[in-house]
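Converting from the sequence shown to the working numbering requires adding 2 to each position, the first position being numbered 1.
One or more hints might be untrue.
Unchecked claim - 25 Å max Cα-Cα, derived PhoX-like pairs, lysine-lysine:
| id | residue 1 | residue 2 |
| --- | --- | --- |
| 1 | K87 | K37 |
| 2 | K143 | K37 |
| 3 | K62 | K84 |
| 4 | K37 | K85 |
| 5 | K37 | K81 |
Keep in mind that the hints were calculated from the coordinates and are not lab data.
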Amino acid sequence: MPRLRPKTTLNSSPLIGWRERVRLPELGIGPIEAKVDTGARTAALHAEDIRIEGNGRNRKVRFSVPINGRTHHCELPFKGEKKIKSTSGHSQMRVVVETDILIGEAQLRAQITLTDRTDMGVPMLLGRATVRAHFVVDPGKSYIVSRKKKKRP
3 MPRLRPKTTL NSSPLIGWRE RVRLPELGIG PIEAKVDTGA RTAALHAEDI
53 RIEGNGRNRK VRFSVPINGR THHCELPFKG EKKIKSTSGH SQMRVVVETD
103 ILIGEAQLRA QITLTDRTDM GVPMLLGRAT VRAHFVVDPG KSYIVSRKKK
153 KRP
């Protein structure tokens, strides 16, 4: 039976799982799997060939996002760089971009760092700054507002 509206909590924020499928409409990407991690502050997207071009306020970031055998060539305005400390304690400077993210029916604007997530299992991570004030996370469930893509036999 299809769910007509998302489950909500007492404060009326929609409930999402620790894993959801998301879309990045400005980049033509999605749905892709994302891990929702309230222990991380920012969002991160797997990207390769990251290049900052231009100068001053006209700086752009060009990068590639390989998803399911297809490479998306992307360009977004440069928003800055951020020093990120990984769970292993290593610090890394990352490029920051801003774009819309669709999670279920909700569309939100978020800053995303670009990094190599090859060994992370999923191409995107959504940190607490991204989901705060929009969702409540149920760490025991996956795909509450998005359906997992079914494998074809």
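Verification of the supplied hints:
1. K87 / K37: holds, 18 Å
2. K143 / K37: holds, 12 Å
3. K62 / K84: Judged against 25 Å, a Cα distance of about 16 Å means the pair holds.
4. K37 / K85: holds, 21 Å
5. K37 / K81: holds, 23 Å
No hint from the list above goes unmet by this structure.
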